[in-house]
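**Student:** These are the residues of each chain, in order.
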Amino acid sequence: MQQQQQQRKQQEKLKRSNIAKIISSSFVAIFYLAIIIIFSYSSSLTSSPHATNNYAYAITQQNQKGDLSLSTLIHQGSPYFGDPSAPITIIDFSDFQCYLCARYVKATEPLINQSYIQTGKAALIFKHLPNRGFDSMDAALAAQCINDQGKFWQFHNMLYDNQKPIDSGWVSKDNLKMFASQIVGLNMQQFEVCFDSKKYKDFIESDLTLGSSFGFQDTPSFIIVNSKDGSNPEILKGAHPFPSFKAIIDKKLEEMRNSS
Amino acid sequence: MNSSSPITSIKTKLLSLLVSLLPLSIRIVFSRAPYIALAIGIAVIFWIIFNVFEQLLFFSPIWVFYLPEDAVIGFILTNITAILMGILVIMNVYVIKHSKLKLVNRHFLEQA
Numbered sequence: 002m003q004q005q006q007q008q009r010k011q012q013e014k015l016k017r018s019n020i021a022k023i024i025s026s027s028f029v030a031i032f033y034l035a036i037i038i039i040f041s042y043s044s045s046l047t048s049s050p051h052a053t054n055n056y057a058y059a060i061t062q063q064n065q066k067g068d069l070s071l072s073t074l075i076h077q078g079s080p081y082f083g084d085p086s087a088p089i090t091i092i093d094f095s096d097f098q099c100y101l102c103a104r105y106v107k108a109t110e111p112l113i114n115q116s117y118i119q120t121g122k123a124a125l126i127f128k129h130l131p132n133r134g135f136d137s138m139d140a141a142l143a144a145q146c147i148n149d150q151g152k153f154w155q156f157h158n159m160l161y162d163n164q165k166p167i168d169s170g171w172v173s174k175d176n177l178k179m180f181a182s183q184i185v186g187l188n189m190q191q192f193e194v195c196f197d198s199k200k201y202k203d204f205i206e207s208d209l210t211l212g213s214s215f216g217f218q219d220t221p222s223f224i225i226v227n228s229k230d231g232s233n234p235e236i237l238k239g240a241h242p243f244p245s246f247k248a249i250i251d252k253k254l255e256e257m258r259n260s261s
Numbered sequence: 078m079n080s081s082s083p084i085t086s087i088k089t090k091l092l093s094l095l096v097s098l099l100p101l102s103i104r105i106v107f108s109r110a111p112y113i114a115l116a117i118g119i120a121v122i123f124w125i126i127f128n129v130f131e132q133l134l135f136f137s138p139i140w141v142f143y144l145p146e147d148a149v150i151g152f153i154l155t156n157i158t159a160i161l162m163g164i165l166v167i168m169n170v171y172v173i174k175h176s177k178l179k180l181v182n183r184h185f186l187e188q189a
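Residue numbers (the working numbering), protein chains in the order written: chain A, 2 to 261; chain B, 78 to 189.
Some hints could be false.
[Stated by the list, open to error] For lysine-lysine, the following DSS-like pairs were computed, each having C-alpha atoms within a straight-line distance of at most 27 Å:
id, chain 1, residue 1, chain 2, residue 2
1, B, K174, A, K14
2, B, K177, A, K14
3, A, K10, B, K177
4, A, K10, B, K174
Hints in this document: simulated from the structure, not taken from any laboratory.
Construct the entire structure; sequences and hints are all you get.
**Tutor:** Here it is in structure tokens:
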């Protein structure tokens with residue numbers, strides 16, 4: 002009897018220790034899984050060609066895609082903001098329907114503008130990546146047509162201020178024309194001819210191709226390059242806060258100061 | 078007289094039982110330091126996961142957390158969810174560890 006009781010006790014102890022082992026190992030597994038998920042996600046959000054040892058690949062890709070220098074981008078017709086002779090260029094790939102782009106425009110862009118664009122250290126280039134919804138392409142076409150008349154940033158801010166859920170009709174063709182009509186000094190006839198004929202469809206598709214060649218699927222995504230020759234690209238994916246931009250831009254400015 | 082009265086009385090009884098048992102169960106589980114530590118650990122892990130996916134927390138190029146105006150409500154909800162996940166998971170761990178019910182594979186096979 003006593004032996005049986007002892008055996009039972011031993012078996013129960015073994016079972017308890019097994020349960021404890023299972024629980025503790027599952028905790029360790031959950032912890033490591035969480036760490037892997039977080040780091041894989043954060044590295045997908047931010048990838049520097051230097052950090053990922055893909056610099057040569059990035060340079061090859063960049064050469065295949067064309068020149069990312071500020072003068073070329075301006076010459077191609079991309080909307081820009083800031084001093085054309087600024088040493089750093091921030092290329093912003095955004096969609097007017099994306100809520101994270103609106104977050105970036107409201108929370109981060111004013112700080113970049115104040116610290117780097119107004120001081121002539123950086124210029125901002127806007128590239129279209131209209132992949133959030135069916136109406137995104139129309140919004141991009143309208144914005145690019147308005148850029149012809151030098152009112153892009155007014156329209157840009159107006160759309161982000163009035164942003165509604167994706168494909169809810171807030172950027173339907175009629176609403177885009179209504180938004181455009183609110184811009185003071187805009188020639189509506191010229192805009193409507195441009196917008197209705199989809200004049201910039203190929204231009205926006207080339208922006209899309211450029212963005213996807215850099216692996217951009219989510220918006221906003223950014224490339225920060227040296228303005229002179231479009232070299233030394235640093236990639237930021239996601240609505241990063243100002244300190245992320247500051248870290249990259251300050252590093253680039255420091256490198257430029259050291260090399261000159 | 079009233080057909081719904083037994084059901085409502087059962088509901089109120091269950092509710093009162095839950096109200097009295099929930100604080101008691103929380104007190105039992107969280108009277109032990111390791112469970113408190115584990116609950117905090119789990120809540121922190123979920124907090125990090127939620128905030129990375131909400132794009133409020135970034136690890137590269139620098140570690141940074143920010144809270145823009147449009148994300149405040151979501152941030153409050155994710156905080157509550159992370160804390161509740163910590164409590165929920167650890168209370169389940171307590172139940173599994175202290176349960177007298179033995180789960181053996183054979184039982185599942187027999188049922189199938």
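**Student:** If a hint holds in the structure, say so; if it doesn't, say that too.
**Tutor:** Evaluation of the provided hints:
1. Proximity of K174 of chain B to K14 of chain A is assessed by CA-CA distance (about 12 Å); at most 27 Å being required, the pair is judged to hold.
2. Taking the CA atoms of K177 of chain B and K14 of chain A, the gap is near 13 Å; set against the 27 Å cutoff, the hint holds.
3. In summary, the hint linking K10 of chain A to K177 of chain B is supported, as the alpha carbons are separated by about 14 Å, within the 27 Å threshold.
4. Between the alpha carbons of K10 of chain A and K174 of chain B the distance comes to roughly 17 Å, so the proposed pair stays at or under 27 Å and holds.
Checked against the numbered hints given earlier, the structure satisfies every one of them.
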